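Enquirer: Sequence:
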Amino acid sequence: MTDLALQLTIDCAKPDRLARFWSLALHWQLEPPPGGASTWTEYWRSVGVPEDELDPDDDGFESIVDPTGRGPRIWFQQVPEAKSVKNRLHLDLKVGGGRSVLLADRRLRVDAEVARLVEAGATTLYVSDAPDQNHYAVTLADPEGNEFCVV
11 MTDLALQLTI
21 DCAKPDRLAR
31 FWSLALHWQL
41 EPPPGGASTW
51 TEYWRSVGVP
61 EDELDPDDDG
71 FESIVDPTGR
81 GPRIWFQQVP
91 EAKSVKNRLH
101 LDLKVGGGRS
111 VLLADRRLRV
121 DAEVARLVEA
131 GATTLYVSDA
141 PDQNHYAVTL
151 ADPEGNEFCV
161 V
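Just so it is clear: in the sequence shown, position 137 is 147 by the working numbering, and no numbers are missing.
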């Protein structure tokens, strides 16, 4: 199969809120609606999505794209149920530079990114600090409780 395209889909209550958070977190772009539609709701109506599946109270963005074109599109799919258990899949935002960078420098980089993401709406869950293993990471939750790590 040569035309495979990967899309990451994240279930959520408020797609616009998570699209804005993750576009900031990943330095990606909010994806505008296709076909000249002024909003995603207008687009979904134009392709026949039933009105009862549309949320007029969340008529913002619902997907983000990597401006370099390397990463997959991420779609934030609105679902009625709230998140109830720990993620089985999570993202690692690798900002520290890897083990070739001094642990103290990695810690500074990670902590700076954590501060930026907390300011944007993330919550710090716990810190993994194992100097004897040359490891430092912080686990956070996005505005809807989805866990991710900054390493």
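Just so you know, the hints here were simulated from the structure itself, not pulled from any lab data.
Model, not experiment: these values are computed from the prediction.
All residues carry an ideal CB built from backbone N, CA and C; glycine is no exception.
The reader is advised that the hints may include incorrect statements.
What the hints assert, rightly or not - Derived BS3-like pairs (lysine-lysine); straight-line CA-CA distance at most 30 Å:
#1 K93 to K104
#2 K93 to K24
#3 K104 to K24
#4 K96 to K24
Unchecked claim - Taking CB as the label site, the calculated pair distances span:
#5 G46 to A122: 33 to 41 Å
#6 S138 to G58: 17 to 25 Å
#7 V137 to G46: 21 to 29 Å
#8 T12 to A92: 37 to 45 Å
Enquirer: I want to verify a distance hint. Is the separation of the beta carbons of S138 and G58 within 17 to 25 Å?
Expert: Violated - the Cβ-Cβ distance for S138 and G58, about 47 Å, lies outside 17 to 25 Å.
Enquirer: May I ask you to test the hint 21 to 29 Å on the CB atoms belonging to V137 and G46?
Expert: Given range 21 to 29 Å: violated, Cβ gap about 47 Å.
Enquirer: Run the distance test for K93 versus K24: straight-line Cα separation, threshold 30 Å.
Expert: 12 Å, holds
Enquirer: Quickly compare the C-alpha distance for K93 and K104 to 30 Å and report which way the hint goes.
Expert: 25 Å, holds
Enquirer: Does K24 lie within 30 Å of K104 when you go C-alpha to C-alpha?
Expert: This hinted pair holds, its Cα atoms lying about 26 Å apart.
Enquirer: Would the pair K96 and K24 pass a check requiring their Cα atoms to be no farther apart than 30 Å?
Expert: At roughly 19 Å apart (the allowed maximum being 30 Å), K24 and K96 satisfy the hint.
Enquirer: Taking 37 to 45 Å as the hint, is the beta-carbon distance of T12 and A92 inside that range?
Expert: 39 Å, holds
Enquirer: State, for the Cβ atoms of G46 and A122, whether the hinted interval 33 to 41 Å holds or is violated.
Expert: 40 Å, holds
Comparing the model with each earlier hint shows violations of hints 6, 7; every other hint is respected.
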